[in-house]
Structure formats: structure tokens, C-alpha cells
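Could you build all of it, start to finish, from the sequences and the hints given here?
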Amino acid sequence: MGDQNVLTVNGLYKNIKSVCKFVAEGARNAGFNEDDTFRIELACDEACTNIIEHAYGGENKGSIRAEWSATPSYFVILLHDNGRSFNPSKIPNPPEKPQNIDDLKIGGLGLHFIKKIMDDVAFTFGESGNTLTMKKKR
Amino acid sequence: MSDLSMEAKALEPCTLVTARGRVDSTTAQEFEAELSKYKNISLNLSEVTYMSSAGLRALVKAKKQGEVKIVAPSTRVAEVLDLAGLNSLFDVFDTNEDAVGSRW
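Chains A and B, in that order, are what the protein sequence lines are.
This note's numbering numbers the first residue of the first sequence as 7 and each following residue consecutively.
This note's numbering numbers the first residue of the second sequence as 6 and each following residue consecutively.
These are calculated hints, taken from the structure and not from any lab test.
Capping the alpha-carbon separation at 27 Å, the derived lysine-lysine pairs in BS3-like fashion look like this:
#1 A/Lys27 / A/Lys143
#2 B/Lys69 / A/Lys122
#3 A/Lys122 / B/Lys66
#4 B/Lys14 / B/Lys69
#5 B/Lys42 / A/Lys20
#6 B/Lys66 / B/Lys44
#7 A/Lys27 / A/Lys141
#8 B/Lys66 / A/Lys20
#9 A/Lys20 / A/Lys67
#10 A/Lys121 / B/Lys66
#11 A/Lys122 / A/Lys142
Set out below in C-alpha cells:
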């Protein structure tokens with residue numbers, strides 16, 4: 007894997023699009039069609055938003071390092087940050103089929119999208135920061 | 006320049022709002038601010054090329070404040086509404102005329 011597969015940006019909302027475009031290009035190279043590429047881009051967008059909002063607690067507090075690779079079976083995306091670790095299992099799932107708008111709270115929707123779109127999602131936490139690994143079957 | 010543009014036209018009995026471009030974490034605030042100006046909204050999303058959960062949160066917020074009817078959602082918008090399981094919460098119409106002329 008060469009250096010062209012790694013991109014580091016400052017944790018700002020406006021930089022998320024660059025990360026998404028970078029990963030989308032990798033997905034297209036790996037043979038995904040535009041529909042799947044859109045979904046992969048969406049998962050990346052949600053993950054980067056979560057990093058800024060939950061790991062860093064706001065914009066401009068640290069960087070996001072994105073890396074993609076393609077194995078024969080999977081397209082793999084790694085997102086790394088140096089923010090505080092957060093346990094995604096503590097984020098409640100949004101209601102499956104909400105019927106009443108007034109009762110609807112849609113926190114956790116980003117993580118819900120990531121889990122629905124990607125085939126494998128794993129979080130690791132360590133002294134060097136947090137890494138989210140997302141895999142999509144090719 | 007923003008990746009999102011919005012245009013509103015006051016009609017009776019609602020305001021027809023047309024959004025174009027991307028609704029993501031960067032533009033969702035702008036999207037939400039525009040929607041918050043009106044109570045009953047026919048919202049044309051046919052030219053929205055991308056929407057993330059940040060956009061959906063704004064839609065739900067607007068729907069809590071008044072009526073929001075969606076017109077001709079693009080494939081991408083339809084997909085995120087479906088992923089979130091929110092389809093059933095919004096009335097969806099094929100044309101602006103159908104939405105504006107529906108029962109408010």
C-alpha cells in the first residue's frame with residue numbers, strides 16, 4: 007500500500023468532504039459502482055462527524071487520518087483520531103420504524119448508518135488514539 | 006461558496022422550498038435555518054445530490070415545528086430516508102403541484 011492511500015486532515019466539518027472524496031475514489035478503483043460508492047462515502051461522512059462531535063467534542067481540536075486499502079475480499083477503511091475514546095455501544099440505536107414524530111429522537115443515526123452500510127465495523131482504543139475499521143465486501 | 010442552495014416561494018397554504026446540492030455536516034445548519042423560517046413546507050429535494058444524517062436531523066426538527074411534505078426526493082435522499090426508517094413519517098409527492106394542492 008502506497009502513501010497515496012493515506013490522507014490526514016484537521017478535524018473540521020468542511021474537511022469531511024475531502025475525506026469522503028478520497029475514500030470514494032478508492033472505492034471506485036476497487037470496482038464499486040456509484041450506488042455502493044455513495045453508501046461508503048456516507049459511512050465515512052458519519053464516522054468523521056462522530057469523531058469531531060464525540061471524540062474531539064468539537065471542531066479544530068485534532069486531526070483525522072483516513073486510510074483505505076483493497077484486499078481480494080474487502081475494501082477496508084481506517085479512520086484514526088487522537089480524541090477521547092468513546093464506547094459506541096453506549097450510543098442508543100435509533101428507533102427502527104418510528105411512527106410518531108414527537109417521540110422521535112434521532113441520536114445515534116450516524117452509527118446506525120455505518121453499521122447498516124458496512125459489512126464489518128470495529129473500534130479500537132489505545133494510547134495512540136482511536137481507530138475505526140470499516141470493511142465492505144467487494 | 007456553499008455546496009447547498011435554497012430557494013423559497015410563499016404560496017397558499019404553504020411555502021415551497023427547493024434545496025439543491027449537498028446537505029451534510031457542513032451545510033445542515035444552513036438547511037435547518039432556512040426550514041425554521043416556515044411553518045408549512047413543501048420541500049422539493051429532487052436536486053439534492055447528497056444527504057447525511059445531519060440533514061435528516063434538520064428534517065425531523067422542521068417536522069416537529071410544522072408540516073413538512075417532501076417532493077420528488079432524489080435517489081440519494083430516498084435511500085437515506087429508507088436507511089433511517091423515516092419514510093413513513095413524511096408524506097412524499099411526485100410534483101410540487103401535488104404537494105401544494107394536498108390537504109394541509
